[in-house]
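Novice: Here's the letter readout for the chains.
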Amino acid sequence: MRWHLRLALALLAMFSAWSAAAADLDYGLQPVKVAADTYVFQGANEDFSFDNGGNIVNTGFIVTEVGVVVIDSGPSRLYGEQMRAAITKVTDLPVIRVFITHMHPDHFLGNQAYDDVPILALAGTIDGIRSQANAFTDNMYRLAGSWMRGTEAVRPDEAIDEGELSFGSRRLQVIAGGGHTPDDLMLLDHATGVLFAGDLVFHDRAPTTPHAELDIWLRSLRRIQALPVEVLVPGHGPVTRDLHPVMQTRGYLDWLEQTLNTAARSGVDMAELLYTPLPGEFDALSVMPAEFHRSVSHLYPQRERRELPRVSN
Amino acid sequence: MKIFSSIAIRAPLLAAALLSATGGVAGEAPPADPLRSVQWENMYGLYLAGRPVVFDNRVLVLAPQAAENSLEVPVLVDAGALGRVEKILVIADLNPLPKVLEFYPRESRARIGFRVKLQQSTPIRAAVLTADDKVWHVGGVWVDAAGGGCTAPSVGSGGADWVARLGQVHGRLWDRGAEQSRLRFDVIHPMDTGLASGIPVFHVENIEIRDQDQLLAEIRPFEPVSENPVFTLDLPGRGAVQIRGRDNNGNRFRASVPPPAAAGKAASGAAR
Ligand SMILES: [Zn+2]
Chain A
1 MRWHLRLALA LLAMFSAWSA AAADLDYGLQ PVKVAADTYV FQGANEDFSF DNGGNIVNTG
61 FIVTEVGVVV IDSGPSRLYG EQMRAAITKV TDLPVIRVFI THMHPDHFLG NQAYDDVPIL
121 ALAGTIDGIR SQANAFTDNM YRLAGSWMRG TEAVRPDEAI DEGELSFGSR RLQVIAGGGH
181 TPDDLMLLDH ATGVLFAGDL VFHDRAPTTP HAELDIWLRS LRRIQALPVE VLVPGHGPVT
241 RDLHPVMQTR GYLDWLEQTL NTAARSGVDM AELLYTPLPG EFDALSVMPA EFHRSVSHLY
301 PQRERRELPR VSN
Chain B
1 MKIFSSIAIR APLLAAALLS ATGGVAGEAP PADPLRSVQW ENMYGLYLAG RPVVFDNRVL
61 VLAPQAAENS LEVPVLVDAG ALGRVEKILV IADLNPLPKV LEFYPRESRA RIGFRVKLQQ
121 STPIRAAVLT ADDKVWHVGG VWVDAAGGGC TAPSVGSGGA DWVARLGQVH GRLWDRGAEQ
181 SRLRFDVIHP MDTGLASGIP VFHVENIEIR DQDQLLAEIR PFEPVSENPV FTLDLPGRGA
241 VQIRGRDNNG NRFRASVPPP AAAGKAASGA AR
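Chains as they are written, first to last, in this note's numbering: chain A, 1 to 313; chain B, 1 to 272.
Okay, chain A solo, but in the shape it has when bound:
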């Protein structure tokens, strides 16, 4: 009996290794229509891994009369190429613009696939990519392995500001938010009410904070609540027709800020803070508690030192 089980397990392992090789690193990108002329490639709601090849992110595109506008290019060159190929199955129109929402590697490392297209981003995003591109790329190679083959960081070539842009009769509003990173771009389509929110909004996945300023981030989220949004595309997690993911992200960031500040004020050691039990609603988010632990590392040192006055001469 035991032998049969072992044999079955061995065969299963062999078969899954073989089928992974046979699939030849296919992200299997399927555009999902979320509104008229508007499509999203939804990533897995998990952390980077060798299995998902870094496809944990939502990217998308809008087909306007004059061409295709792409929002974020994904975590690797391969992703960018497969994404662009998937777009050609939806429309014959060429890609005319790529918008990069922010400086994190899972959102822009597919830029190589769009080297013939203007790639636009907020100025802080371009600066961030300039100074940290190598670290980002190295890190992605470490986390996603061979999916990253041939990937190099390509900086967006044009800085844009907040404002309205027209593509034929389509009016797209560029909104300059921040707080997840120094500059976080959102794109609101006035025709459909689709908001591409980038990583200012996470849905059912713990928000990440390596470059976060929580108060600025919370301000950006309050701004979203005043926008005429019909369809919300978060940076990570399922698309919705309401603002629930905005409230969820706000709720978590509020709790995080309060938890860190209260701990710092009452003399809690950083390692003790890691063992803080998470409220159920946040514990249920994917990539918890790992993401909370990362946030403690990013955000606690500055807060605890604020509570330590100088005591030497």
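Among the hints, erroneous ones may be present.
[Said to hold, decoys possible] Where chain A lies over chain B, by a calculated footprint (3+ residues, C-beta under 8 Å):
hint, stretch
1, 196-208
2, 255-261
[What the hints assert, rightly or not] DEER-style ranges, computed between Cβ atoms:
hint, chain 1, residue 1, chain 2, residue 2, range
3, A, Ser-131, B, Glu-179, 44 to 54 Å
4, A, Met-288, B, Glu-41, 31 to 41 Å
5, B, Arg-252, A, Pro-118, 56 to 66 Å
6, A, Gly-280, B, Arg-252, 46 to 56 Å
7, B, Asp-175, A, Met-288, 26 to 36 Å
8, B, Asn-249, A, Gln-302, 20 to 30 Å
9, B, Pro-200, A, Gln-302, 24 to 34 Å
Simulated from the structure, these hints should not be mistaken for lab results. All values derive from a computational prediction rather than experimental measurement. Think of the CB as a built atom: it goes at the ideal place given N, C-alpha and C, for glycine as much as any other residue.
Could you slot chain B with the ligand onto chain A? The hints should help.
Specialist: Here is chain B with the ligand on its own, set in the frame of chain A:
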């Protein structure tokens, strides 16, 4: 946390471990390592041999499973459940410099929080020498680290103004009730390991905490302790304490931390 799950079986296990460990002098094989580190026998030979060694669940080592910032990995060691402790030795087996710090609790609780630079994934262990029977009680955890923590030059010594701030101390006491207080403090210091090329070893090597009557605790940090080290200690009493320290170049620093209530007032108006 699984800390309490072993209470029922601990007593017989511990007795057995003690029996088998009484002969744990130099030249004898160390007890099998629950963390299965390839460096355990070396660590044993370098730092522990000569005294009996037991692995003991009452030695708590709190640290993240994965280090987000390998230059500043938070660790808290608590051996308060062991009774009187002479010293705590913290080692990171697979670090190029494994010895992290020694802590002599003296009058304070056998608990210390600090941060460490890690070069790669490694066990972090606390070996706790009990005062009465002189047995090493060892606990630890694996920390997964991307690396670079020990050979990267410290950030502070790359900047321009750290020399002027060298040896500055920031700190505060909190009333913890029952005649206990918590001390948290940092010292501005690059804590250079000597492993980055062209930057010689330069680290705080001794810190003493006293009240007006006596030495309450003593910390001996080594190279792997993080830049601008931050420490957490739990002290007896509710009075002011003095901090005195020196580094391996003979620079000295001292500070006096006001008692808990006054510290609260000072903190609100303090500018850094
Ligand atoms: Zn991001």
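Novice: Work down the list of hints and note, for each, if the structure agrees.
Specialist: Checked hints:
1. 196-208: violated (count 0)
2. 255-261: Check passed, 4 qualifying residues.
3. A:Ser-131 <-> B:Glu-179: 44 to 54 Å: holds (51 Å)
4. A:Met-288 <-> B:Glu-41: 31 to 41 Å: Holds - the Cβ-Cβ distance for A:Met-288 and B:Glu-41, about 37 Å, lies within 31 to 41 Å.
5. B:Arg-252 <-> A:Pro-118: 56 to 66 Å: For B:Arg-252 and A:Pro-118 the Cβ distance comes to about 60 Å; the hint holds.
6. A:Gly-280 <-> B:Arg-252: 46 to 56 Å: holds (51 Å)
7. B:Asp-175 <-> A:Met-288: 26 to 36 Å: holds (33 Å)
8. B:Asn-249 <-> A:Gln-302: 20 to 30 Å: holds (28 Å)
9. B:Pro-200 <-> A:Gln-302: 24 to 34 Å: 29 Å Cβ-Cβ, so the 24 to 34 Å window holds.
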